[in-house]
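Start from the sequences and build out the full structure, keeping to the hints where you can.
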Amino acid sequence: MTSTTVSLQHLTPATRSRAVDLRAVPSALWSEGLKLASVRTYRLILILNAVGGGLISWAMAKFITDQPMYVSEVGFYFTALSAILASVAGILLLTSEVQHGTLAITLAAQPTRWVIAFSKAAIAATNGVLLGVVGMAAGFGGATLAGIDMGDTSSIATMTLWALGYTSMAAVLGLGVGMVIRHSAGAVTGILVWGLLIEGLLNQVLPVRAARFLPFLAGDRLLALDISLETPQAVAMALSQPQAAAVFGGYALTAIAIGTILLYRRDTA
Amino acid sequence: MITVAGVTKRYGTKLAVEDITFDLPSGRVTGFVGPNGAGKSTTMRAMVGLTRPDRGEVRYQGILYHNLAQPSRVVGSVLDARCMHPGRTARNHLRALAASGGLPSRRVEEVLNELGLDAAARQRVGGFSLGMRQRLALAGALLGEPQALLLDEPSNGLDPDGIRWLRNYLRSFADRGGTVFVSSHLISELSLFADDLVVVGAGRLIAVDSVDAIAAGEDITVVVETPRPADLITALGDHGLAVESDGSRIRVQATTKAVVSQIAYDNGIQLFELTETVRSLEDRLIEMTRASAQYASV
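Protein chains in written order, with our numbering: chain Z, 9 to 277; chain G, 17 to 314.
Hints listed in this document are in silico derivations from the structure and should not be mistaken for laboratory results.
Note that the coordinates shown come from a computational prediction; the quantities given were computed from them, not determined experimentally.
Using N, Cα and C, we set each Cβ at its ideal position, and we do this for glycine too.
Hints may contain errors.
[Unchecked claim] Short derived list, chain G residues pointing at chain Z, Cβ under 10 Å: (1) Arg61; (2) Ala85; (3) Ser93.
This is the structure we're talking about:
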């Protein structure tokens with residue numbers, strides 16, 4: 009180890025301002041991006057997403073024979089699970105920092121909480137888009153490999169945008185949940201149980217007009233896949249894609265807003 | 017100059033710290049001592065904006081921490097050397113930290129070199145020893161070339177060479193005009209390089225003074241055993257020495273065994289035992305904080 013011999017300068021430190029905070033955003037984004045890219049967990053989620061998307065889409069295309077299946081539809085089926093995985097990744101963006109104590113270092117380096125919250129949300133959303141792209145690519149690949157017809161391709165581009173909106177908002181929702189719960193296992197278990205189990209049960213017992221506003225059921229409507237609608241009444245009352253985006257985005261924004269307020273108010277261990 | 021003024025923090029009904037007030041001048045190493053649960057960590061967290069005090073404030077050259085445009089350039093802190101993601105490499109840990117603080121990435125290589133971590137830069141932190149983590153944490157604190165360092169138990173896990181290097185580094189940092197605030201349980205270690213001490217116990221400030229002033233309270237006690245205690249007490253009293261008697265054993269304050277031995281010899285008094293004990297700085301600090309210690313050995 010070596011020692012430097014430069015004298016320390018005692019200049020009066022610059023004070024924070026709105027402009028300083030805004031200028032800090034690109035650095036904070038870069039930092040959050042580095043954190044995401046430098047940990048294997050997120051790569052594993054990406055691989056799980058790709059493998060799962062390919063396999064499940066292939067299996068659905070291959071083995072569901074009681075209704076016509078087209079690549080242009082099956083390719084999007086896995087996006088609902090990509091959205092759940094994006095939520096998990098979003099959760100971990102915050103909770104793994106709490107678990108390993110790095111949130112304290114982050115907040116000591118950048119005390120302006122909204123800069124951290126905004127940067128994490130932006131990186132979570134970008135990661136959600138990435139998971140959506142990979143999930144859909146794998147889904148289309150799996151369905152194509154199963155040898156089914158392509159079907160109507162005219163709406164694929166539009167559908168892709170809605171699907172990416174879903175996965176990016178799901179990641180932000182997950183981040184918000186993580187910011188509130190601050191515990192990896194609790195938050196991940198909570199969102200998996202809620203998304204994969206509880207909403208399904210609630211969908212059975214709640215009136216359709218109420219059930220359609222449940223977070224992931226609303227999110228699934230962004231994909232506009234009739235496969236998720238089980239009754240004629242559900243079809244009739246289904247949210248349009250813009251409505252579904254507003255409802256699901258509302259959940260995501262609410263979660264991130266509460267999480268940001270808590271980031272300001274809570275002490276950090 | 018760092019000013020800690022009236023910092024008070026409660027967690028529910030439990031008082032963590034109350035009215036902690038002290039200044040940390042530039043160019044000096046200040047030790048922060050107190051038993052477990054005394055409020056050292058709470059105070060240090062409040063100093064870097066991680067704990068919001070119920071009352072009081074901390075200012076860096078007159079500016080509150082959260083109003084500093086680039087805190088990393090003003091103060092580098094290590095509050096827990098375990099605070100790093102085990103799956104991230106040392107270099108990536110520092111790169112992310114540098115970016116958080118808006119610092120140039122060239123500083124990453126500089127501090128890796130300065131802390132002797134070049135060879136470990138590509139290793140994942142999960143495989144690091146506590147000593148290596150301490151070095152990496154210190155590297156993180158130095159990224160912004162700060163004017164002040166706040167370190168909580170920085171010598172934990174360091175080998176003797178590392179401890180000596182750290183001691184010299186912090187001393188040199190202060191000699192170059194920096195402010196060093198370092199908590200440690202190793203009072204004897206602190207006494208080797210600290211200029212001042214802040215002593216806390218049960219969340220309250222007990223003393224703020226220079227090491228020399230606190231150590232000036234050091235005194236020597238001579239324990240002596242004799243078959244003629246009454247005669248010896250009289251002889252010692254004639255020489256103005258304060259004594260406490262416990263049967264045949266006598267404790268003589270503020271003197272040396274040479275003096276006591278000479279007085280006994282001059283008066284023809286036989287001695288069975290003659291022992292000199294020096295109360296060290298450590299003893300003084302333990303005594304100062306004893307009443308406030310949450311957990312004490314028996």
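Hint-by-hint comparison with the structure:
For G/Arg61, the interface hint holds, the least distance from its beta-carbon to any beta-carbon of chain Z being 7 Å, beneath 10 Å. Checking G/Ala85 against chain Z by beta carbon gives a least distance of about 4 Å; that is within 10 Å, so the hint holds. The restraint placing G/Ser93 at the interface with chain Z holds, with a minimum CB-CB distance near 6 Å, inside the 10 Å limit.
Comparing the model with each earlier hint shows no violations; every hint is respected.
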